[in-house]
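2 protein chains.
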Amino acid sequence: MLDCGEGTQEQWRRTGLSWMKLGHVFISHAHGDHVFGLPGMISTMGLLGRTAGLHVFGPETLRPFMDCVLQSFCDHLSYEVTFTAIDTSKHEVVFEDRSMKVWSLPLRHRVPCAGYLIEEKPGLPHIRREMIDFYNVPTWAINRIKQGDDWIADDGTVVPHERLTSPADPVRRYAYCSDTMYSPQLAQWLDGVDLLYHEATYATGEKARADKHGHSTAAEAAALAIKANVKKLMIGHFSARYDDEQLLLDEAKAIFPNTLLAKEGLVVKV
Amino acid sequence: MLDCGEGTQEQWRRTGLSWMKLGHVFISHAHGDHVFGLPGMISTMGLLGRTAGLHVFGPETLRPFMDCVLQSFCDHLSYEVTFTAIDTSKHEVVFEDRSMKVWSLPLRHRVPCAGYLIEEKPGLPHIRREMIDFYNVPTWAINRIKQGDDWIADDGTVVPHERLTSPADPVRRYAYCSDTMYSPQLAQWLDGVDLLYHEATYATGEKARADKHGHSTAAEAAALAIKANVKKLMIGHFSARYDDEQLLLDEAKAIFPNTLLAKEGLVVKV
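These protein sequence lines are chains L and S, in that order. Using numbering that gives the first Met the number 0, read the first sequence as starting at 0 and increasing by one per residue. Using numbering that gives the first Met the number 0, read the second sequence as starting at 0 and increasing by one per residue.
Incorrect hints may have been included.
Note that the list lumps identical chains together, so a pair holds whenever it fits in one copy or between two copies.
For lysine to aspartate or glutamate, the following EDC-like pairs were computed, each having C-alpha atoms within a straight-line distance of at most 20 Å [said to hold, decoys possible]:
#, residue 1, residue 2
1, K20, D190
2, K100, D148
3, K262, E9
4, K211, D74
5, K226, D96
6, K100, D66
7, K252, D132
8, K20, D153
9, K100, D168
10, K100, D242
11, K211, D249
12, K262, D32
13, K100, E118
14, K100, D32
15, K231, E119
16, K262, D210
17, K206, D249
18, K89, E118
19, K20, E119
None of these hints come from the bench; they were simulated from the model. All of these numbers come straight from a predicted model, not from anything done at the bench.
Next up, chain L with everything else stripped away, as it sits in the complex (with noise of 0.2 Å):
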């Protein structure tokens, strides 16, 4: 989870999915409007009887709130909530795991603030059926040719591994970066990625407005998302004086065509 606004808890309720699927919570920065949400979520999990650990990493300056929350609210938690504090000027994996790492993103805001860059890790080639058919290659050799053995066939044949399996599925990637300042250094990170969150707090004639808060606007997200080569962008955390958020889509389609605006319960594939 990427950040944890109020009413976090009602909102992953509407998914369906159990609260089981959920052991981390990765917090961009220390405003109301991306932690206040964490309270309640920490708490219906522990009425649940939940008792895997929850792990949350943010910046330092989050510490007080998860303290206080944990000390006035947590007393008899049937689990552990973990805090990690990430370095926010830094640009290295905050957590790993089987199948994926998280890479923290350093970003411009008012306050210390990161944002996540979440990458699969390679998977294994597939098996081409027909090839294993072919060559008669038996069950027990089939784990060892998709982690890249060849096959020797009785006959002392030799059939490469290219020949039995086509390649693995493409690593994906999905940044997350809100809230920001436009911050070109982030296309380093960000190349190629296949979906760029990227905050969009104001349209361009508010530029004034988005540099003396910290924020950016439709056209900065979309240069970053040129910049950066990303095969598609989802912009969001639009300021409430745009009754219509179209406003901003179109100025981020005139500079990158593959934008779509971020709303509440949207599901995008990546």
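Given the coordinates of chain L, assemble chain S onto it according to the supplied hints.
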């Protein structure tokens, strides 16, 4: 406002009321489902540029959370938030203005907990237009008659106040009792209230659980309504185990027929 669970600011927005209508928040106890809406609501009112103070009342146990929220998220708040600790063991006036008094109600829960009784102050009697016309009472005298004066006509006739006015509207009283075990001593303070909100977390079948967790059954809420001779009972705070709250309503109605179920967004005329 009585208690402030997560998502309260969204619910308030749905009412269409201005935030300026809200000056005082009375919190029953420092459990998450009664307070996790405070941080977001306080922040939002700041973003909207509020200048009028906001007064939060609640048990002393709420203070650490209030302090933490104000310190962590309200650095440049445009208005002042004051917290006043109330004594949850006493029935006393905790707030008073020109139109109402708010009394604390000692509740019995796992942590220090207070209910609140909101009592209108008596209004002025209504002027009987036809009597004013009949006795030719001039406009300048009307305000004093409302305050209790008789009218002395030019010929010295005394027209008693009671003939010129009809009684003031009866004072309305609303009592809010959540969360609490059955507490018959409340009846002495709730006698005849127009509306009693009382928690009914469980049905009688779960009486042992209700006692263990410091909650009431629907039957107990209804028993208090009878004992306190209230006009209407609204039950709420239902355990998630009840898919259909009709069971709880039926149980209460069997004892106190004028009972209704609390629901999100429900408006009850007192």
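Hint by hint, here is what the structure shows:
1. K20 x D190: Classified as neither: same-chain Cα gap 29 Å, cross-chain 50 Å, threshold 20 Å.
2. K100 x D148: neither (26 Å within a copy, 82 Å between copies)
3. K262 x E9: Answer is both: 15 Å inside a copy and 16 Å across each meet the 20 Å cutoff.
4. K211 x D74: So K211 and D74 pass the 20 Å test across copies only (17 Å; inside, 41 Å).
5. K226 x D96: neither (30 Å within a copy, 61 Å between copies)
6. K100 x D66: neither (27 Å within a copy, 37 Å between copies)
7. K252 x D132: Neither: 49 Å inside a copy, 73 Å across copies.
8. K20 x D153: neither (46 Å within a copy, 86 Å between copies)
9. K100 x D168: within (16 Å within a copy, 68 Å between copies)
10. K100 x D242: Classified as neither; 37 Å inside a copy, 41 Å across copies.
11. K211 x D249: neither (23 Å within a copy, 58 Å between copies)
12. K262 x D32: Only inside one copy: K262 and D32 sit 15 Å apart there, 26 Å across copies, limit 20 Å.
13. K100 x E118: Result: close within a single copy only, 5 Å intra versus 59 Å inter.
14. K100 x D32: neither (26 Å within a copy, 35 Å between copies)
15. K231 x E119: Classified as within: same-chain Cα gap 17 Å, cross-chain 59 Å, threshold 20 Å.
16. K262 x D210: neither (24 Å within a copy, 44 Å between copies)
17. K206 x D249: Result: close within a single copy only, 16 Å intra versus 60 Å inter.
18. K89 x E118: For K89 and E118, only the intra-copy Cα distance (17 Å) is at most 20 Å; the inter-copy one is 58 Å.
19. K20 x E119: within (17 Å within a copy, 50 Å between copies)
The structure fails to meet hints 1, 2, 5, 6, 7, 8, 10, 11, 14 and 16 from the earlier list, while all remaining hints are met.
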